[in-house]
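Kindly generate the complete structure, drawing on both the sequences and the hints.
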Amino acid sequence: MSMKQPEGRPGLPRVNPIAIAIAMITGAVLLGISLFNGEALVGVMFLVVTWGFAAFLYWGSRVSDTVALISDDVQDERNVHIHQRAALYTLNILAFIIVAAFVVDIARGGSGSPYTWLAAAAAMIYMSLLVIIDRRG
Amino acid sequence: MNNEVRRLRLEIGYSQAELAEQMRVSRQTINAIETGRYSPSLALAIKLARFLGKPVEEIFHVDEAT
Chain C
1 MSMKQPEGRP GLPRVNPIAI AIAMITGAVL LGISLFNGEA LVGVMFLVVT WGFAAFLYWG
61 SRVSDTVALI SDDVQDERNV HIHQRAALYT LNILAFIIVA AFVVDIARGG SGSPYTWLAA
121 AAAMIYMSLL VIIDRRG
Chain E
138 MNNEVRRLRL EIGYSQAELA EQMRVSRQTI NAIETGRYSP SLALAIKLAR FLGKPVEEIF
198 HVDEAT
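Protein chains in written order, with the working numbering: chain C, 1 to 137; chain E, 138 to 203.
Keep in mind that the hints were calculated from the coordinates and are not lab data.
Treat the hints loosely; a few may be bogus.
Stated by the list, open to error - On the chain E side, residues computed to face chain C include the following (Cβ under 7 angstroms): (1) 165; (2) 166; (3) 178.
Unchecked claim - Every beta carbon over 12 angstroms from chain C, so not counted as near; a handful from chain E, in silico: (4) 139; (5) 193; (6) 194; (7) 197; (8) 200.
Stated by the list, open to error - A few chain C positions that, by computed beta-carbon distances, are all more than 12 angstroms from chain E: (9) 19; (10) 39; (11) 41; (12) 51; (13) 82; (14) 89; (15) 91; (16) 95; (17) 108; (18) 111.
All residues carry an ideal CB built from backbone N, CA and C; glycine is no exception.
Encoded structure:
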């Protein structure tokens, strides 16, 4: 049985730096696009929101395990499972919404577009990924 | 799946956070394993067993009745 060591190896980082980087780069890109379109105020708002989110992840993850979970979908295996389950539930809810919108649109005498195409695309992507992931084991 | 992680961890005087650091997982993962809310991957189970100095089957018990 292992004896307690005074100094263990460094643990997991509390926040995934890639998530921080993506949020900050997204804000900078949106600011650039907005400035290019002559909408400086909108660009600044994008920057405040995205950089604010990055700051929230960085500082919040130091005091809250839930915030740390938000940015970690690769390091801790349980967090990876949670993200996968959340993604699956999200997909199912979105699929339900698309089908419901399609039915409502048809009932109102519409063509069902664009929900028909969205549902078809989702089904094709889902089945393709099933095959690809199955072949990879 | 029941397990002896908590008992063995306390035997060596580790906190959940310290064991989590050694296993390079979050403290919540260790807590979830100890309380049976999460079954670890085979890799993590073996890593835990090696660290705690017991065979995997002595740490993790599958209820045969279920």
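These are the hints, each one checked on the structure:
1. A least Cβ separation of about 6 angstroms between residue 165 of chain E and chain C falls short of the 7 angstroms threshold, and the interface hint therefore holds.
2. With a least beta-carbon distance of about 4 angstroms to chain C, the hint placing residue 166 of chain E at the interface is held under the 7 angstroms criterion.
3. Checking residue 178 of chain E against chain C: minimum C-beta separation of about 5 angstroms stays under 7 angstroms; hint holds.
4. With 12 angstroms as the threshold on Cβ separation, the claim that residue 139 of chain E sits away from chain C holds: the shortest Cβ distance comes to roughly 18 angstroms.
5. Distance to chain C confirms residue 193 of chain E as a non-interface residue, since its nearest Cβ pair spans about 15 angstroms, more than 12 angstroms.
6. Annotated as non-interface, residue 194 of chain E keeps its C-beta farther than 12 angstroms from every C-beta of chain C; the closest such distance is 16 angstroms.
7. The Cβ of residue 197 of chain E lies farther than 12 angstroms from every Cβ of chain C, with a closest approach of about 15 angstroms, so its non-interface assignment holds.
8. Residue-level check passed: residue 200 of chain E sits 21 angstroms from the nearest beta carbon of chain C, beyond 12 angstroms.
9. No beta-carbon of chain E comes within 12 angstroms of the beta-carbon of residue 19 of chain C; the shortest separation is about 15 angstroms.
10. At the 12 angstroms boundary, the C-beta of residue 39 of chain C stays outside the reach of chain E, the nearest C-beta of that chain being 41 angstroms off.
11. Look at residue 41 of chain C: its CB is around 40 angstroms from the nearest CB on chain E, clear of 12 angstroms, so calling it non-interface holds up.
12. With a least CB separation of 26 angstroms from chain E, residue 51 of chain C remains clear of the 12 angstroms interface cut-off, as annotated.
13. The beta carbon of residue 82 of chain C is not kept farther than 12 angstroms from every beta carbon of chain E, the shortest such distance being approximately 9 angstroms.
14. With a cut of 12 angstroms on Cβ distances, residue 89 of chain C stays outside the contact zone with chain E, its closest approach being about 17 angstroms.
15. The Cβ of residue 91 of chain C sits about 22 angstroms from the closest Cβ of chain E, beyond the 12 angstroms cut-off, so the non-interface label holds.
16. Separation of residue 95 of chain C from chain E is adequate, the least Cβ-Cβ distance of about 27 angstroms exceeding the 12 angstroms criterion.
17. Distance check on residue 108 of chain C: its Cβ is at least 45 angstroms (rounded) from any Cβ of chain E, clearing the 12 angstroms threshold; non-interface status holds.
18. Distance to chain E confirms residue 111 of chain C as a non-interface residue, since its nearest Cβ pair spans about 47 angstroms, more than 12 angstroms.
In this structure, only the earlier hint numbered 13 is contradicted, and the remaining ones agree with it.
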